[in-house]
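Student: Listed below are the residues making up each chain.
2 protein chains.
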Amino acid sequence: MKGIATPTVIEVDNGSIVSPQGFSATGLYSGVKRKRLDLGAIYCEVPASVAAVYTCNRIQAAPLKVTKESIATEGKIQALVVNSGNANACTGKKGLEDAYQMRMESANHFQVPEHYVAVTSTGVIGEYLAMDKIVSGIKKLETTSTLEGAEAFNQAILTTDTMNKKVCYQTKVDGKTVSVGGVAKGSGMINPNMATMLSFVTTDANIESEVLQQALSTITNQTFNRITVDGDTSTNDMVVVMASGLAENDSLSPTHPDWEPFYIALQQTCESLAKQIARDGEGATKLIEVQVNGALTHDEAGKVAKKIVGSDLVKSAVYGTDANWGRIICAIGYSGCEIDPETIDIGIGPVQTLVNSQPVTFSEEEAKAYMENNETIVIKVDLHVADGSGKAWGCDLSYDYVRINAGYRT
Amino acid sequence: MKGIATPTVIEVDNGSIVSPQGFSATGLYSGVKRKRLDLGAIYCEVPASVAAVYTCNRIQAAPLKVTKESIATEGKIQALVVNSGNANACTGKKGLEDAYQMRMESANHFQVPEHYVAVTSTGVIGEYLAMDKIVSGIKKLETTSTLEGAEAFNQAILTTDTMNKKVCYQTKVDGKTVSVGGVAKGSGMINPNMATMLSFVTTDANIESEVLQQALSTITNQTFNRITVDGDTSTNDMVVVMASGLAENDSLSPTHPDWEPFYIALQQTCESLAKQIARDGEGATKLIEVQVNGALTHDEAGKVAKKIVGSDLVKSAVYGTDANWGRIICAIGYSGCEIDPETIDIGIGPVQTLVNSQPVTFSEEEAKAYMENNETIVIKVDLHVADGSGKAWGCDLSYDYVRINAGYRT
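For the protein sequence lines, the chains are A and B, in the order given.
Residues in the first sequence are numbered from 1 upward in steps of one, following the working numbering.
Residues in the second sequence are numbered from 1 upward in steps of one, following the working numbering.
Derived from the structure by calculation, the hints contain no laboratory data.
Each hint should be verified, as a subset may be incorrect.
A pair holds if it fits inside one copy or across any two, identical chains being indistinguishable in the list.
[Unchecked claim] With a cut-off of at most 20 Å between alpha-carbon atoms, the simulated EDC-like pairs for lysine to aspartate or glutamate come out as follows:
{"id": "1", "residue 1": "K65", "residue 2": "D400"}
{"id": "2", "residue 1": "K172", "residue 2": "E97"}
{"id": "3", "residue 1": "K140", "residue 2": "E114"}
{"id": "4", "residue 1": "K68", "residue 2": "E375"}
{"id": "5", "residue 1": "K368", "residue 2": "E148"}
{"id": "6", "residue 1": "K94", "residue 2": "E148"}
{"id": "7", "residue 1": "K176", "residue 2": "D250"}
{"id": "8", "residue 1": "K33", "residue 2": "E289"}
{"id": "9", "residue 1": "K35", "residue 2": "E372"}
{"id": "10", "residue 1": "K368", "residue 2": "E338"}
{"id": "11", "residue 1": "K140", "residue 2": "E342"}
{"id": "12", "residue 1": "K76", "residue 2": "D250"}
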C-alpha cells in the first residue's frame with residue numbers, strides 16, 4: 001500500500017482541514033510573536049473521536065501533559081487551540097498551570113467540557129507564556145468553515161517555515177464521501193527556539209478513537225517518523241487526528257470492506273505532510289527521497305533509509321550536486337541493520353553507481369545533471385538480504401541551515 | 001583517572017612517535033595525491049606487541065582485513081605502511097589483492113615476514129589504488145628516528161586536516177623511562193572522499209599484546225569513541241598501538257605497581273589526539289567539551305555527552321555564540337538515557353542557565369562573551385540521577401563544513 005493512491009482515493013484541489021464535515025478553524029495575532037499570526041483553533045461541531053502521537057523526547061512540554069489528560073478522559077475532543085512563538089517547555093510548575101489555564105479559557109470560550117479541549121504550543125523553550133495575551137486572544141477566536149479560516153489557522157502555527165503545508169484526500173466509505181484534511185508545521189525537525197513538528201488532521205469518517213489510534217500509530221511510523229532535517233527531536237512534537245463521524249458511514253475498522261481506501265487516504269495525507277515538512281527543512285533547496293529494498297524487514301529498510309537521508313555528508317553532497325555514493329554506502333554500513341557487504345546496489349536517480357558492491361562506470365555528467373535539474377532527488381538502494389522495503393525523506397544541508405540556526409535567537 | 005595527569009606522567013615538548021625507543025618513521029610523495037605527501041611508514045627495530053581497534057562500520061575497507069590478518073597471526077608487527085588520497089574501500093576483489101600486494105611489497109622492502117606488516121589507506125572510496133605508484137613509493141621508504149621523519153609521516157597521512165595532531169607523554173615504570181607517542185588524522189569523523197580517522201601510537205613499554213589490547217579497547221571507548229564531527233563513521237577508521245619493549249621494564253599488566261602511570265600516559269595520549277581531531281573538525285572554529293555528571297552509569301554519561309555535542313542545533317548555536325540551553329536539554333531528552341525531567345542542571349562555561357530543570361536568570365552578555373572569547377566551550381550538565389560521569393568532544397557547525405563537503409569531490 002506504500003504511496004500508491006488507488007483510483008478510489010483522490011487528492012482534492014484547495015482541500016483543507018475544514019473540508020471534512022463539521023470542522024471550522026481560525027487564526028489570529030495575539031501578541032506572543034512580534035508580528036505574525038500566533039494563535040489558532042480547530043473546532044468540531046460534535047465531539048470528535050481523537051487519536052494522537054507525541055514526541056518520544058523524555059522532556060515533554062506542559063501542553064502535551066494537559067492534552068494527554070484530555071484525550072485519556074473520553075477519547076474525544078471538540079476544540080484544539082495552538083499558539084506559536086513560545087513552546088511552554090521547561091517552564092516547571094507555572095508552565096503546567098499556564099497550560100491548564102489555556103485549556104480552561106478555551107473550554108469556556110467554545111462552551112465545551114475542559115476534557116474536550118487539546119492545547120499545544122511551539123516556539124521558544126524556557127520562557128513563560130504571556131498569559132494575558134493568550135487569554136484575550138482565546139476570547140477572540142471565531143472559527144469558520146471557509147478556506148480563509150483554514151489558512152489563518154495554518155499561518156498561526158508556523159515558525160521558521162517558509163511555506164504552508166496542507167493536503168486533502170477524499171474517498172468513499174459505504175458509498176458516502178469521506179474527506180481527510182491535514183496541516184503541518186515544522187522546518188527543523190526541531191529548533192527549540194522557534195520550531196517543532198506539529199500536524200493536525202481532520203476527517204468526517206465515523207471511526208472509534210481506539211481504531212483511529214492504531215491506524216495513526218502505524219502510519220506515523222512510516223511517514224512522520226521517517227523524515228529528518230537535523231536528527232533533533234523536539235519537546236513539543238504532536239500529531240492529532242480528529243474524526244467527526246458526520247459522513248455517517250458504518251463505523252470503520254480493519255474488517256470493514258472500505259477500510260483500505262480510508263486507511264490509504266489517511267496514510268497519503270500523513271505522507272504528503274511529512275514530505276512537505278522535509279522539503280521545507282531549514283535552508284533546504286531539495287527534497288531527498290531514499291527508497292531501500294531487500295532489507296531484512298520493512299522496519300530495517302526504513303531505518304537504513306533514514307540513516308542515509310540523515311547523514312550530513314550525504315545531505316551536503318546533494319546540496320553540491322555530487323553523486324557521492326561512497327557516503328551512501330558508508331551510512332548503510334553504520335545503520336546497525338543486517339547487510340551483506342558484498343551485495344549492495346545503489347542508484348542516484350536514473351544513474352546506477354554500484355552493483356553488487358562493485359563500482360560501475362557511470363557518467364558523472366548525467367548524475368550531476370539529474371541532481372541539478374530535479375527538485376526531488378531519489379536515492380535507491382537494494383541490499384539483497386530479504387524482502388523488506390521502506391522509504392525516508394529529508395533535505396539537503398546548505399549554508400542557510402547554519403545561518404538560520406547560528407543566528408536565530410540573537 | 002579521567003584527564004588527571006598525575007605528577008609522574010608528563011607531556012614531552014616536541015615528542016613524537018619516534019620518541020619511544022626502537023621506532024623510526026618517514027613520509028614521501030608517491031603520486032596518489034596531486035601534490036602533497038601521500039605515503040608513510042613507521043618501523044620498529046624489533047617485532048612490537050600490537051593492539052588495534054577498527055571502525056564499527058559493517059562496510060570495511062580492504063586494508064583493514066589484511067591488517068587484522070597480520071595482527072591475528074602473532075600479535076606483533078614491525079612495519080606499518082599508510083597511504084592517503086585513496087581509501088581502497090568498496091573496491092571488491094581487486095582491492096583486496098591490492099592490499100595484499102601493498103603488504104607483500106612492504107615486507108620485502110623492510111625485510112620482515114608479511115604478517116609483521118600492517119597496511120592502511122585513507123581517501124576516496126570506490127576507486128582502485130594506483131599500484132604502480134604505491135609499489136615504487138614503498139621501495140623509497142627510508143625511516144629515520146628524527147623529528148623530521150615523524151613529521152613527514154604525519155604529513156603523509158593527512159587529508160582535509162588543517163593541522164598536525166601529535167602528542168607524547170613520558171612516565172616511569174620500574175624506574176625506567178617509558179614514552180608513549182602518537183599521531184592522528186581526521187577532520188570529518190568521516191568524509192568518504194578524503195577523510196577517516198586514523199591514529200598510530202608507539203611506546204617502548206614492555207607489554208604483551210593481549211594486555212595492551214584490553215587497555216586500548218577501554219581507553220578508546222572514553223576517548224576516540226567520544227568525539228563526533230558529523231556523526232558519520234568511516235569504512236577505514238583504525239587505531240594501532242605498537243609497543244617495542246625496549247624500555248626493558250617488567251612486563252606490564254594491571255597488577256604491576258606502575259600500571260597506573262603507564263595506563264594514564266596511554267589514556268592521555270589518546271584523549272589528547274581525540275581532542276585535536278575534534279578541534280580540527282571540518283569547518284570548526286571551536287572545540288566543544290561536554291561534561292556530564294549524575295548519570296545512571298559512566299557509559300550513560302558519555303552517551304548523553306555525545307548526543308549533546310553531536311546535535312547540529314547545539315553546534316550551530318556555539319558557532320553563533322548563542323547560550324541556547326533549550327537545545328541542550330532537548331538533546332538530553334532524546335539521548336535514550338535515564339533522566340529525571342525535573343532535576344537537570346545546565347551550565348555554559350561559568351554561566352549557570354538551568355537549575356533543577358527551572359530556567360534561572362542569567363546574563364546573556366556574560367554567556368556571549370564567554371563563547372566569543374574562548375577557543376574551548378565547556379558545557380556542564382548534572383542529571384542528579386546517580387554517579388555516572390563522562391565527557392565528549394566535538395566542534396561547532398559553520399558555513400565552512402557545508403562548503404568543504406558540498407564542493408569537495410567536484
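Student: All hints, please: hold or fail.
Tutor: Consistency of the hints with the structure:
Taking identical chains as interchangeable, the C-alpha atoms of K65 and D400 are never at most 20 Å apart, the minima being 34 Å within one chain and 41 Å between chains. Neither within a single protomer nor between protomers do K172 and E97 lie at most 20 Å apart by alpha-carbon distance, with minima of 43 Å and 62 Å respectively. In the homo-oligomer, the alpha carbons of K140 and E114 lie at most 20 Å apart inside one protomer (18 Å), although the nearest pairing across protomers, at 82 Å, exceeds that limit. In this homomeric assembly, K68 and E375 never come within 20 Å of each other (Cα to Cα): the closest approach is 38 Å inside a single copy and 44 Å across copies.
For the homomeric pair K368 and E148, neither the shortest alpha-carbon distance inside one copy (42 Å) nor that between copies (43 Å) is at most 20 Å. In this homomeric assembly, K94 and E148 never come within 20 Å of each other (Cα to Cα): the closest approach is 35 Å inside a single copy and 64 Å across copies. Taking the shortest alpha-carbon separations for K176 and D250, only the intra-copy value of 10 Å comes in at or below 20 Å, while the best inter-copy value is 87 Å. In this assembly of identical chains, K33 and E289 lie within 20 Å of each other by CA distance neither inside one copy nor across copies; the values are 34 Å within and 34 Å between.
Proximity of K35 and E372 under a CA criterion of 20 Å is satisfied in neither setting, with 36 Å inside one chain copy and 31 Å between copies. Proximity of K368 and E338 under a CA criterion of 20 Å is satisfied in neither setting, with 31 Å inside one chain copy and 46 Å between copies. Taking CA atoms no more than 20 Å apart as the test, K140 paired with E342 passes in neither setting, with 64 Å inside one copy and 35 Å between copies. Taking CA atoms no more than 20 Å apart as the test, K76 paired with D250 passes inside one copy only; the shortest distance there is 18 Å, against 75 Å between copies.
Checked against the numbered hints given earlier, the structure breaks hints 1, 2, 4, 5, 6, 8, 9, 10 and 11 and satisfies all the rest.
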